[in-house]
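**Q** Per the UniProt record's numbering, the very first residue in the sequence shown carries number 1; after that it's consecutive.
These are calculated hints, taken from the structure and not from any lab test. Heads up, a few of these hints could be off.
Using C-beta positions, here's what the derived DEER-type ranges look like [stated by the list, open to error]:
1) Ala65 - Gly37: 20 to 28 Å
2) Ile39 - Glu81: 17 to 25 Å
3) Gly38 - Asp78: 13 to 21 Å
4) Pro61 - His98: 17 to 25 Å
5) Arg50 - Arg16: 28 to 36 Å
6) Gly38 - Arg85: 14 to 22 Å
Only a predicted model underlies this, so the values are computations on that prediction, with no experimental measurement involved. Don't be surprised by glycine CBs; every beta carbon is placed ideally from N, CA and C.
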Amino acid sequence: MADEQTPAPGPELPIRMLHERILVSVDEDKSERRSEGGILIPSTVQIAHRLAWARVVAVGPSVRAVSVGDKVLFDPQDRAEVEVRNKAYVLLRERDLHAVADENLAEGQTGLYL
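Turn these sequences into a full structure, and let the hints steer you where they fit.
**A** Written out as structure tokens, the structure reads:
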């Protein structure tokens, strides 16, 4: 029985999140990058403690600040991975999120809820 505030995860995710838990899908970008000066940085170079962006795919009934479809910023070192139907997801608590990207920017806004 799904709460009206919590959208059902859909047929591809046969699970229901509990409490303040959030399930996110991370786009793994393992490609080469370029610095601001144009220097090519190989994918094997470790960058000092970098936060990651992910898309929310399911939320628990106690989650208040994000909803399904939001893009969130989190620390990839504080994560628990889970596989559902051969796809890897990351399980987080709402308090582990650092920011939510705002896709609908108004004049003078930064685009992040910090």
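**Q** Could you work out which of the previously given hints the structure breaks and list their numbers from low to high?
**A** Those not satisfied are hints 1, 2, 3, 6.
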